[in-house]
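Novice: The chain contents come next:
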Amino acid sequence: MSLTPSEVERIAQLARLEIAPAELLTARQQLNGIFSLIEALQAVDTTGVEPMAHAQDVSQRLREDEVTHHDEDGTARARFQTVAPEAENGLYLVPKVIE
Amino acid sequence: MNSWEIVIGLETHVQLATKSKIFSGASTAFGAAANTQASPVDLALPGVLPVLNKGAVECAIRFGLAIGAKVAEKSVFARKNYFYPDLPKGYQISQFELPIVQGGHLDILIGQGEKSVEKRVCLTRAHLEEDAGKSLHEDFHGKTGIDLNRAGTPLLEIVSEPDMRSAEEAVAYAKALHALVRWIGICDGNMQEGSFRCDANVSVHQPGTPLGTRREIKNLNSFRFLKEAIEYEARWQIETLTDGGKIEQATVLFDPATGETRAMRSKEDAHDYRYFPDPDLLPLVVSADWIERERDKLPELPSAKRQRFIRDYGLSAYDAATLTATLEMADYFEATVRVAGSAHAKLCANWVMVDLAARLNRENREILDATVSAAQLGGLVLRIADGTLSNAIGKKVFEALWLGEATSADEMIEAQGLRQITDAGAIEKLVDEALAANPASVAEYRAGKEKAFNALVGQVMKAAKGKANPQQITELLRQKLTAG
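So the sequences go chain by chain: B and X. Following numbering that gives the first Met the number 0, the residues of the first sequence are numbered contiguously, the last one being 98. Following numbering that gives the first Met the number 0, the residues of the second sequence are numbered contiguously, the last one being 483.
Take these hints with a grain of salt, some might be off.
[Claimed, not checked] Here are the simulated EDC-like cross-link-like pairs (lysine to aspartate or glutamate), alpha carbons at most 16 Å apart as the crow flies:
(1) X:K142 - B:E85
(2) X:K18 - B:E63
(3) X:K345 - X:D385
(4) B:K95 - X:D138
(5) X:K18 - B:E65
(6) X:K73 - B:E87
(7) X:K174 - X:D85
(8) X:K73 - B:E49
(9) B:K95 - X:D85
(10) X:K53 - B:D56
(11) X:K53 - B:E63
(12) X:K142 - B:E87
(13) X:K464 - X:E427
(14) B:K95 - X:E137
These aren't lab readings, by the way, just hints derived from the structure by calculation.
Please build the complete structure, drawing on both the sequences and the hints.
Specialist: Spelled out as structure tokens, the structure:
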């Protein structure tokens with residue numbers, strides 16, 4: 000399987016990656032390289048094998064329904080927002096998005 | 000002219016009534032200061048891992064049991080990938096191929112009164128997922144503000160089959176679902192706060208031809224908007240097709256101000272969510288034991304209660320359905336019957352559905368906030384049923400109980416001498432007095448004016464301060480007027 004340049008552009012768009020036209024060829028080669036690995040996996044006959052949802056055959060542990068994160072005074076929020084590019088009135092600010 | 004059939008399926012997002020979020024220990028309480036209920040997991044800080052909330056799973060199991068669905072022994076969480084600032088991970092954790100609830104059905108009542116008919120709506124699935132945060136677009140000097148308090152709030156997305164054929168049916172289904180999730184205690188049902196929101200898939204076709212292309216109306220948070228949006232959308236689709244146009248698959252928004260739907264995005268730029276199993280979460284295993292424990296916790300379900308009301312109390316299907324609209328209403332009714340006795344269940348039903356409902360409606364209150372208790376109403380019904388109170392005085396007693404001017408019907412009957420006059424001698428005396436005092440009315444009646452008769456009844460009733468039995472007055476008056 001080999002990707003076309005426009006498929007590479009579509010994948011980049013979905014992943015919100017900016018790929019300059021000059022990089023497109025390299026990205027395509029690298030992706031095709033990954034596809035060859037997947038092709039090797041797909042060559043294995045898995046007839047009758049139940050698909051696994053996880054590499055480990057164990058089940059999910061659950062937590063009790065309890066509130067363990069307390070930040071009524073906004074101390075933790077202030078700490079988290081020190082790494083945000085911009086915050087105001089407790090809100091994270093981002094470039095305007097209206098769909 | 001060919002007739003069109005409207006085909007509707009609903010996807011409903013139900014916010015689960017857990018204390019903490021689905022994958023973190025942050026609170027889900029509504030209305031906190033921005034981002035004070037956003038833990039490192041909800042913020043998607045590097046290195047964090049989601050841990051599934053047992054309470055959210057219990058809610059899903061209970062819902063599955065309540066709709067007669069299969070509760071999957073094993074279900075899987077998947078990542079639904081898209082970019083939006085209120086979704087900091089860049090994906091929503093949801094369930095895709097193996098949802099926790101599979102199949103099931105909900106029986107709904109279409110139409111009003113005794114002419115209403117039951118209809119079964121099949122459900123496709125219900126799956127657990129997390130909510131996103133909120134984007135605030137106003138007034139941040141050209142920027143968007145993000146509040147992640149809602150991010151990670153547990154949701155159950157309930158998907159119906161395209162079984163509904165009118166806006167009315169869709170609303171009946173949404174109302175029945177809304178009542179059920181509150182009934183089994185998995186959702187507070189608060190639509191203003193977004194605890195229950197619907198997406199409607201609408202298409203039209205001519206019966207006997209394949210289904211039409213559907214458009215999805217997003218985010219309808221009231222039953223009225225749901226109805227208006229579907230009606231507008233169906234009309235628009237029929238007009239478009241009648242004019243020779245084509246329907247393109249699309250996602251649309253309903254604007255309550257204009258009552259119109261408009262396309263948000265078309266199929267070409269529809270999201271490709273690239274679902275895959277979330278490697279951070281292992282498969283969720285629900286044992287048969289656990290399912291049975293949840294079954295034991297379920298209250299008697301609306302449909303079972305409805306059947307029992309019809310069977311044990313002799314109520315009509317419509318009365319039984321009205322009284323089981325909410326668990327609170329059903330409990331109130333049964334508490335009333337416990338005092339008044341099953342023999343008077345129909346009278347209790349009338350008082351709850353008519354007088355109490357009207358009073359609650361007038362004051363915009365829920366039945367839990369009724370100032371007349373079920374025991375008080377039961378006591379009142381008992382006195383009407385045994386003839387102590389006339390219906391008219393009964394209404395006055397109800398009003399006094401509502402306003403807190405009396406503590407029980409019996410107390411008020413004694414204190415104010417409200418006992419209905421059923422003694423024939425006493426009523427005859429009042430009738431004679433009324434005839435003697437109103438010769439003009441008597442003459443008019445004899446001249447053939449039926450209205451004059453009603454005036455005389457009114458005079459007797461007035462003299463009796465409303466306490467005389469109206470039937471007895473009528474009979475005695477007729478006797479005397481025809482005899483004399």
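Novice: Confirm or reject each hint.
Specialist: Verification of the supplied hints:
1. At most 16 Å may separate the alpha-carbon atoms for a hinted pair to count; K142 (chain X) and E85 (chain B) meet this at roughly 10 Å.
2. About 10 Å separates the Cα atoms of K18 (chain X) and E63 (chain B), which keeps this hinted pair within 16 Å; it holds.
3. Straight-line distance between C-alpha atoms of K345 (chain X) and D385 (chain X) comes to about 14 Å, which keeps the hinted pair within the 16 Å bound.
4. Restraint check for K95 (chain B) and D138 (chain X): the C-alpha separation of about 11 Å stays at or below 16 Å, so the hint holds.
5. Proposed proximity of K18 (chain X) and E65 (chain B) is supported: the alpha carbons are some 6 Å apart, at most 16 Å.
6. Taking the CA atoms of K73 (chain X) and E87 (chain B), the gap is near 44 Å; set against the 16 Å cutoff, the hint is violated.
7. The straight-line distance between the Cα atoms of K174 (chain X) and D85 (chain X) is roughly 29 Å, outside the 16 Å bound, and the hint therefore fails.
8. With a C-alpha separation of about 13 Å, the suggested pair K73 (chain X) and E49 (chain B) falls inside the 16 Å cut-off, and the hint holds.
9. For the suggested pair K95 (chain B) and D85 (chain X), the alpha carbons sit about 12 Å apart, so the restraint of at most 16 Å is met.
10. Annotation: proposed proximity of K53 (chain X) to D56 (chain B) is violated, straight-line Cα distance about 20 Å (limit 16 Å).
11. The hinted pair formed by K53 (chain X) and E63 (chain B) meets the criterion: a straight-line CA distance of about 6 Å does not exceed 16 Å.
12. Distance check on the hinted pair: K142 (chain X) and E87 (chain B) sit about 11 Å apart at the alpha-carbon level, within 16 Å; holds.
13. With a C-alpha separation of about 15 Å, the suggested pairing of K464 (chain X) with E427 (chain X) holds against the 16 Å cut-off.
14. Among the hinted pairs, K95 (chain B) with E137 (chain X) is consistent with the structure: their alpha-carbon atoms are about 10 Å apart, no more than 16 Å.
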